[in-house]
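**Q** Chain by chain, the residues:
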Amino acid sequence: MQIRDYILRRLIVLPFLIVGVSIIVFGLTRIGGSPVAIYLSHEMSSEEVAEIEARYHLDEPVPVQYAYWARGVFEGDLGWSGVAAAPVTAVFPNKLAATMELAVASAVVAVSLGIGLGTFAGARRNKLPDHITRIISISGAAMPLFWFAIVMLIVFWVYLGWFPIGRSTPEIFASIAHPTGLYTVDSLLAGNFTAFRDSVWHLVLPALTLGYGATAIIARMMRSSLVEELQEEYVDAARAKGLAERLVLRRHARRNALMPTVTVIGLSFGFLLQGTIVAEIIFRWPGLGRWMADSVLRGDRATIMAYVLFTSVLFLVVNLVVDVVYAYLDRRVVLGS
Amino acid sequence: MTAPATNPPKTTAPVVASVRDLRVHFKSKGGIVHAVDGVDFDVRDGETLGLVGETGCGKSVTARSFLRLVPMPPGIPVSGSIIFRPRQRCSSCDGAGCPTCAGTGRVVSPCPVCAGSGCDTCEQSGAETIDLLTIPERELRSIRGNRIAMIFQDPGKALNPALSIRKQVAEVFYAHRSDELLVSAGIDPGSGSMPTTLLRRRATQQSRTLESVLLSLPPLRSGRTAISEAADDRVATALAETQIPNPRAVMDRYPHELSGGMKQRVMIAMALACDPDLLIADEPTTALDVTVQARIIELIKELQQRHKTAVVYISHDLSLVRKVADRTAVMYAGRIVEVGDSEQIFHEPEHPYTRGLIDAIPGAHHERGRLAAIEGTVPELIDPEPSCRFAGRCDYAASVCWTHDPTLGPVRDREVACFIHHPPEHGEAPSFDRTVR
Amino acid sequence: MSTTSASPPIVGAHESAIRVRLRRMGETAGRVLSNPTTLGGLVIILLMVGMALLAPWLVEPNTPNASQMPRDWGAIAVPPGSPGHPLGTTNTGGDVLYGVIWGARTSLRLSLIVVSVTVAIGVAVGSLAGFRGGRIDEVLMRIVDVFLSIPELIFALAIAAVLGPSFRNIILALAIVFWVKYARIMRAQVLHVKQNDYVDSSRVIGDSNWNIFRKDVLPNSITPVVVQATLDMGNIVLVGATLSFIGLAEAGLAEWGVLVSEGQAGISGGRWWASTFPGLMVFLWALAFNLLGDGIRDVLDPKTETR
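Chains as they are written, first to last, in my numbering: chain A, 1 to 337; chain B, 1001 to 1437; chain C, 2001 to 2307.
Bear in mind the hints are in silico, worked out from the structure with no lab data behind them.
Restraint ranges, calculated between C-beta atoms of paired labels, are given here:
id : chain 1 : residue 1 : chain 2 : residue 2 : range
1  : C       : R2109     : A       : P164      : 34 to 42 Å
2  : B       : H1256     : A       : A86       : 51 to 59 Å
3  : C       : S2116     : A       : P63       : 34 to 42 Å
4  : C       : E2027     : B       : A1240     : 54 to 62 Å
5  : C       : S2166     : A       : V49       : 23 to 31 Å
6  : B       : T1237     : A       : G191      : 53 to 61 Å
7  : A       : R125      : C       : R2031     : 18 to 26 Å
8  : C       : L2039     : B       : P1112     : 52 to 60 Å
Beta carbons are placed, not taken as given, at the ideal position from N, Cα and C, and that holds for glycine.
For reference, chain A alone in the conformation it holds in the complex:
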């Protein structure tokens, strides 16, 4: 079956792409100065420096260094993070959980608002809701997240005081166990409503802010596909059958309009992923993004490598999933380029 071949083909290519990315990432670490600079200090003697360099195989030819590094990655050793003062793999899960929570919340906001807004606007073409949606969409694509987040902070945190900053109130956070690392889930598991409310209240502002850009592009695509679908003959044919307009919109027009929108949703995932870096800085969210930002500023190569590798793999996998879902939805699609 065609879909199966398509998935197979993509799956086979995937590891090669990942290897390619790892080569680039590795190459980056060898540019611009010694990769172990973060572990060195001025007081060390030249013997100590040489010893550290040998430990990290810096005396070997480059391809061998790559092999050492790659083997290390497979074994779960991603190096030592100077910023976190701990092995990368030890710190990674917790920070990942924090970022995932934020990313998922933003995605939920973006997809539901985006599709809802797009449908609402598409069905009322050129009327007021449509114009408002269009303004939101256009501004969303051009919006610098770092500026938008600061403005949101100023309005909602400094002046209105509606929402807090950061991920949690320390005392409340400490009062429950954290089996999954996801504050919202853990508080529900513990049956602690105060903690749950705390987690949600801290999530609202960052999720809305981070989700805004994605909402905009999703709404825009949804609106334009819906407008296109509504001009198709099968919509009139459905009306001619005596179906309620709501049903015609939902089951016929929107269902077909969702297909191109699905690819945009996949695209916006990349958007969200990159946005977490800035959002976590501004909202003081203890996740991967802020860790990466600190690492960038302080030359923590291990973290940078791990982060780039991780996000690229994630990016590739999500894109693959989106393409497969799209192929499944649109049976007519000719798969492959």
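Following the hints, complete the assembly by docking chains B and C onto the known chain A.
**A** Below, chains B and C alone, put in the same frame as chain A:
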């Protein structure tokens, strides 16, 4: 044209639909286009009325107006009316055919105001009279797909590519035969109990998300499945009626997996599923191969006779319409120019445009040589002046043709809109004897 | 139906090819600008570019290094409307208006350099891959695929990080990341155009590959590149400002991202202006180029939505 002895002759059968002075205009960059500008014709019970004209003459817009499918921007709210007199199943024979209903199985629904005796609402006809252009949306919806159905030109475009055939055909039953579905599923539609309410909402396609979730749980699940199966049965029957081989297998397919002819059969099945009084066929065979065309036309004819449905058959192909329709209305530039018995029109066309159309058909009676085309093109219908729209292309046009609109008037057995047959009081009238080209 | 009988006069009967092309470009431009939002975008762009070019005359350049923020230690963190500082000052006494205006200059330089370089390289690589096909195509496209597997911002971030924090390195990082997009676009266009008959007819005539490329393939492939380049003029500044916001540019640089970052400290104290105005400029810049790019796309690529 012979009619079965038990049926009343079609030309004097009661009128099922009546278009009166229909005007539909469109906003466009250049001005207001008068796409349909004063169209009148009747459709009689059980007959096939052909609506013929070249592209752009307004026949599709007229057809879509029956079910108010003309998009209102850019369309402008119409004037005129489309009167519809629905039928109902004859209670004496329950649709089988008897003297009361003259064998058709259907009687005219009595007017609710005067209970059939005659009043102003029903224009003294005693029949339930509805103006399709003004009834509220909700009532219109109960007529669409139910009492009046439509089939479209390109079945590939008129079927939703994302839904299976089963789902699309079943929609008609869910929309209009929900009570029957419930009964077939063993559920009493009248009962007010909670499970029945939920199931009834399902049968009418009104279930909200929460309700759908509840319906997937075991106690209600069997009811839901029973309704689906009842619908499936009806879908299979409807498909089988249009001679689709192996209906159960076809039901599970998607439109793109079917051939053009099959898709059109599906459309026809959907349209006739609820036994409508009137079927609007908008160029149903134009998008099909010639060999398939003939079969589809045969199918429509057969089903029409079986269901006693009136059909408005739209086409640009005059020779095709001649074979299919009892009566024909010829349309040009937004107006009807000639209406009458199909064979008669073909043999003795009375309007210059009709004459030109028939002459243009390549046929045995022409010698080899030039094709006789009608000179000129359809005029742009933006803010038109009063004048006969055909005047610029007419071989017989006189001065009055350029300054006045001709209206339909009787000529022997038919109606024609031309000053040749109905000379004006003042001004020089045209005549067939005086050609100006 | 009679046809026009006069034959065209000999003089001026054939407009030279260049005149025709110019006239058509003018018509296209007219159509693009007939859309009010597109026109608005262009107006904003012109204002900003004007501001960038006229910067030395609009504000007193900070000698000796004009691209560094001036320091007025007598007016620290004053609000907008204060004398001499219409938009206020930063925590270190830098005039926000100065930053806004000189930031435009920096942004213009950034986007022009990056876009020119990426378009040149991308178009070259993409054309080569598309035109030659075979091995070369395979290899080049594998490289492109790998580059595209890394999210853009993160890639640029990593490159700029290892190269060292400086504005020049930001330019370099962006160039490395963004050229692949054009390679992809150009290759797809070349492949598509190659199928056309006019390419075959040129070959039959015996035209060289380079000529075919120049005359037949290139002019017909260039539309999506133009659209993307316009959009990128905006996006590059957006990403560049983000990189400087995170801290990869020199401190004290008169650049919008840097200013927003430096203004962050004052937020909790209610000193909003140091971050808000420069950030607003980034938004307007990106918005304007997005509007213009969309407008061009609507006219030149009719497949997309009709309003």
